[in-house]
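Peer 1: What follows is each chain in one-letter form.
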Amino acid sequence: MAEALRLNRAGAAHALVLEGVSRTFGALVALDKVDLTVGAGERRGILGANGAGKTTLFNAITGDFPSTAGRIRFFGEDVTKLAPFERIRRGMRRTYQNSMLFRGLSVLDNLYLACRGVSAGRFSFIRPRQDDAALESARDLAHAVHLDGVAESLVSDLSHGQQRQLEIGMALSGAPRLILFDEPAAGLSPAERRDLVQILSALPRHISFVIIEHDLDVALRVVDRVTVMHNGAVFKHGTPAEIQDDPDVQRIYLGGKHG
Amino acid sequence: MSWTATGAAPKPATPAWMKTIRPQHVLVLLFLIAYPLVASPFWTVQIGAQSLFLGVIALSLMFLAGYGGMVSLSQMTVAGVAGYMVAVFGTNSTHPLFGWPLWAAVPIAIVIATAFATLIGIISVRTAGIYTIMITLAIGVAAFYFAQQNYEIFNGHSGFAGLPGPVGFGMDWRAPMPFYYMSLAVAALSYLAVVYLARSTFGLTLQAIRDNARRMNALGFNVNLHRVVAHAVAGLIAAIGGLLYVWMNGRVSPGTIDIGPVIDILVIAVIGGLRHPIGPFIGAVLFVLMKNFAIDLISPERFNTLIGLIFLAIVLVSPDGLLGLWRLASDRLKAAGLNGSTGRQWGNNSWRNNNGK
Ligand SMILES: Nc1ncnc2c1ncn2[C@@H]1O[C@H](COP(=O)(O)OP(=O)(O)O)[C@@H](O)[C@H]1O
Ligand SMILES: [Mg+2]
Numbered sequence: 000m001a002e003a004l005r006l007n008r009a010g011a012a013h014a015l016v017l018e019g020v021s022r023t024f025g026a027l028v029a030l031d032k033v034d035l036t037v038g039a040g041e042r043r044g045i046l047g048a049n050g051a052g053k054t055t056l057f058n059a060i061t062g063d064f065p066s067t068a069g070r071i072r073f074f075g076e077d078v079t080k081l082a083p084f085e086r087i088r089r090g091m092r093r094t095y096q097n098s099m100l101f102r103g104l105s106v107l108d109n110l111y112l113a114c115r116g117v118s119a120g121r122f123s124f125i126r127p128r129q130d131d132a133a134l135e136s137a138r139d140l141a142h143a144v145h146l147d148g149v150a151e152s153l154v155s156d157l158s159h160g161q162q163r164q165l166e167i168g169m170a171l172s173g174a175p176r177l178i179l180f181d182e183p184a185a186g187l188s189p190a191e192r193r194d195l196v197q198i199l200s201a202l203p204r205h206i207s208f209v210i211i212e213h214d215l216d217v218a219l220r221v222v223d224r225v226t227v228m229h230n231g232a233v234f235k236h237g238t239p240a241e242i243q244d245d246p247d248v249q250r251i252y253l254g255g256k257h258g
Numbered sequence: 000m001s002w003t004a005t006g007a008a009p010k011p012a013t014p015a016w017m018k019t020i021r022p023q024h025v026l027v028l029l030f031l032i033a034y035p036l037v038a039s040p041f042w043t044v045q046i047g048a049q050s051l052f053l054g055v056i057a058l059s060l061m062f063l064a065g066y067g068g069m070v071s072l073s074q075m076t077v078a079g080v081a082g083y084m085v086a087v088f089g090t091n092s093t094h095p096l097f098g099w100p101l102w103a104a105v106p107i108a109i110v111i112a113t114a115f116a117t118l119i120g121i122i123s124v125r126t127a128g129i130y131t132i133m134i135t136l137a138i139g140v141a142a143f144y145f146a147q148q149n150y151e152i153f154n155g156h157s158g159f160a161g162l163p164g165p166v167g168f169g170m171d172w173r174a175p176m177p178f179y180y181m182s183l184a185v186a187a188l189s190y191l192a193v194v195y196l197a198r199s200t201f202g203l204t205l206q207a208i209r210d211n212a213r214r215m216n217a218l219g220f221n222v223n224l225h226r227v228v229a230h231a232v233a234g235l236i237a238a239i240g241g242l243l244y245v246w247m248n249g250r251v252s253p254g255t256i257d258i259g260p261v262i263d264i265l266v267i268a269v270i271g272g273l274r275h276p277i278g279p280f281i282g283a284v285l286f287v288l289m290k291n292f293a294i295d296l297i298s299p300e301r302f303n304t305l306i307g308l309i310f311l312a313i314v315l316v317s318p319d320g321l322l323g324l325w326r327l328a329s330d331r332l333k334a335a336g337l338n339g340s341t342g343r344q345w346g347n348n349s350w351r352n353n354n355g356k
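The listed protein sequences derive, respectively, from chains A and B. FYI, in numbering that gives the first Met the number 0 the residues of the first sequence are 0 to 258. FYI, in numbering that gives the first Met the number 0 the residues of the second sequence are 0 to 356.
Some hints here could point you the wrong way.
What the hints assert, rightly or not - Label pairs and their in silico Cβ distance ranges:
| no. | chain 1 | residue 1 | chain 2 | residue 2 | range |
| --- | --- | --- | --- | --- | --- |
| 1 | A | Asp139 | B | Ile122 | 39 to 45 Å |
| 2 | A | Glu151 | B | Gly167 | 45 to 51 Å |
| 3 | B | Ile129 | A | Gly38 | 57 to 63 Å |
| 4 | B | Lys333 | A | Arg128 | 40 to 46 Å |
| 5 | B | Gln23 | A | Thr23 | 54 to 60 Å |
| 6 | B | Phe97 | A | Thr23 | 55 to 61 Å |
| 7 | A | Phe122 | B | Val27 | 30 to 36 Å |
| 8 | B | Val27 | A | Gly120 | 16 to 22 Å |
| 9 | A | Gly120 | B | Leu315 | 40 to 46 Å |
| 10 | B | Ile129 | A | Glu241 | 52 to 58 Å |
| 11 | B | Asn211 | A | Glu241 | 25 to 31 Å |
| 12 | A | Thr23 | B | Lys333 | 49 to 55 Å |
| 13 | A | His205 | B | Leu315 | 36 to 42 Å |
By construction, these hints were calculated from the structure, which means they are not laboratory data. Cβ coordinates follow ideal geometry from the N, Cα and C atoms, glycine included.
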């Protein structure tokens with residue numbers, strides 16, 4: 000009861016609210032007082048040149064590299080001081096730009112770990128049974144990200160594209176409420192990109208996500224709004240159409256990229 | 000092949016664990032059972048039983064280091080705590096305190112030693128690599144001086160002598176043959192428990208944490224809590240090994256947990272290999288044989304030099320100890336023959352290949 004009341008106050012309608020979030024690495028200000036609000040069910044794109052602080056923003060949100068200043072609320076709850084595993088158990092998920100998979104394990108075992116991490120029985124001293132709920136969820140996830148054919152293969156034997164799909168599968172474990180995708184399309188072939196867009200579009204509408212994506216064909220097809228970052232700070236918010244036509248954005252990002 | 004693949008298959012007639020038994024396993028078991036029937040008491044106890052229980056203590060280190068990536072130097076200290084507690088709560092001839100019967104003193108000793116190991120875990124899990132080694136060594140050294148300087152409870156530098164061994168079923172379990180079989184039973188059970196645990200959910204998560212703790216945290220695992228639990232499990236194993244250790248001689252003193260024995264456990268585990276639970280036992284046999292027979296070749300003071308050189312040689316040639324050498328050799332043979340089956344590094348090939356019973 001008290002929990003529900005507390006959650007209802009202070010913007011429970013928003014999946015994510017960042018207020019003045021900063022992150023420094025020594026003298027380097029990688030994230031500079033970022034304010035960001037992502038509504039429940041919203042899909043947000045993040046654009047920005049290399050080194051703009053996009054991945055650092057994700058690390059601050061999940062707590063991988065905690066913010067050094069500011070406040071982060073997740074569905075109304077202040078999670079600024081929580082360890083990553085506590086944020087994950089509350090429904091936050093992410094993928095990594097550089098592969099963080101268990102290469103010596105099979106696809107299914109990786110998915111099993113992801114499902115186990117957000118369910119009970121993490122300390123079980125017995126071996127998982129065939130009808131273990133987490134194992135069954137893992138099989139479902141393998142299907143959801145089109146990997147059932149290679150479910151038994153070791154991750155190290157997968158193609159780059161399949162590894163990216165597995166990253167996404169692991170982020171879908173349990174009951175995600177907000178997923179952070181860090182450049183999921185990087186290095187994918189056009190066919191794999193279409194596959195990715197299909198997987199992202201098929202996500203249930205109540206799941207919010209934030210996606211870092213350079214490829215506008217991918218990003219603009221799946222997001223509602225776009226945030227552009229520059230030098231660790233938020234440069235501009237807008238709809239995909241506004242951002243695409245914005246001359247300032249062209250200059251710092253799109254222009255810079257082509258020129 | 001993987002356990003995850005057998006879901007739809009009909010229930011096999013033979014349980015999965017039976018299929019993993021090979022002829023060489025049966026041969027080793029038969030040898031271990033028949034051994035004291037032909038060996039002299041010296042070979043039965045000093046060599047046989049001692050290798051078994053030193054292997055058990057080193058196994059606890061293998062579990063922590065091999066699966067958890069945590070090299071703890073205080074496993075002998077945990078074993079010593081169990082030995083000290085069984086002397087304090089049970090009976091002894093030098094400094095009687097509680098005088099409880101063994102059936103009461105043994106569980107208490109195991110519980111206290113395991114709690115002590117858990118505490119070491121809580122203190123050391125926030126450190127990594129060389130710092131874990133340093134902090135656990137510091138704890139071991141502190142425990143040594145504490146035992147040596149405390150007379151009220153630990154009877155100072157002379158410690159306790161005249162500890163009775165277990166009796167029961169009309170047997171004196173300190174007699175050579177019963178003591179050997181008791182050590183063999185403890186070693187076999189500890190070994191099987193670790194083999195089983197390696198493929199349990201806890202074992203899998205522990206190995207995944209070893210490989211990428213940050214990722215496991217971001218999958219919802221309380222990484223430090225898993226590490227502490229691993230210390231508790233290893234502590235339980237070390238404690239049981241420690242009881243056999245003090246029963247063999249009927250004494251426990253600061254010398255039992257001095258820096259020498261503490262390092263010996265590391266040497267045994269590393270010589271044998273940290274990749275598989277059989278490694279510490281192989282290391283223990285080699286160590287005990289050398290400790291007893293190096294004297295015939297060199298002067299006793301040179302033993303540490305010799306063991307140090309062998310340690311260095313093995314670590315330099317094969318970071319995975321004798322087990323690694325063995326695997327290297329058998330891979331060469333296979334490569335020369337039919338198929339060069341690559342030995343996967345993860346969890347000794349283990350987690351994926353059980354049938355999830
Ligand atoms: N762990 C770290 N340690 C030191 N500097 C870092 C770390 N992570 C990121 N940075 C720095 O922060 C800046 C932003 O990096 P990043 O967030 O990865 O950019 P993006 O994802 O937008 O390409 C870069 O200058 C990068 O070098
Ligand atoms: Mg990045």
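Peer 1: With reference to the structure, classify each hint as holding or not holding.
Peer 2: So, going through the hints one by one against the coordinates:
1. Remark: the range hint 39 to 45 Å for A:Asp139 to B:Ile122 is upheld by a beta-carbon distance near 41 Å.
2. The supplied range of 45 to 51 Å is met by A:Glu151 and B:Gly167, whose beta-carbon atoms lie about 49 Å from each other.
3. For the hinted restraint 57 to 63 Å between B:Ile129 and A:Gly38, the CB-CB distance of approximately 48 Å leaves it violated.
4. As the Cβ distance of B:Lys333 to A:Arg128 is approximately 34 Å, the hint placing it in 40 to 46 Å is violated.
5. In this structure the supplied range 54 to 60 Å holds for B:Gln23 paired with A:Thr23, their Cβ-Cβ distance being about 58 Å.
6. Between B:Phe97 and A:Thr23 the Cβ separation comes to about 57 Å, which falls inside the hinted range of 55 to 61 Å.
7. Between A:Phe122 and B:Val27 the CB atoms are about 32 Å apart, so this pair conforms to the stated range of 30 to 36 Å.
8. Evaluation of the 16 to 22 Å hint for B:Val27 and A:Gly120 yields a failure: the beta carbon distance comes to about 35 Å.
9. The given range of 40 to 46 Å is respected by A:Gly120 and B:Leu315, whose C-beta atoms sit roughly 42 Å from each other.
10. Checking the proposed 52 to 58 Å range against B:Ile129 and A:Glu241 shows it holds: the Cβ atoms sit about 54 Å from each other.
11. Checking the proposed 25 to 31 Å range against B:Asn211 and A:Glu241 shows it is violated: the Cβ atoms sit about 40 Å from each other.
12. The hint said 49 to 55 Å for the Cβ distance between A:Thr23 and B:Lys333, and at roughly 53 Å that hint holds.
13. Range check, A:His205 to B:Leu315: about 58 Å between beta-carbon atoms, so the 36 to 42 Å window is missed.
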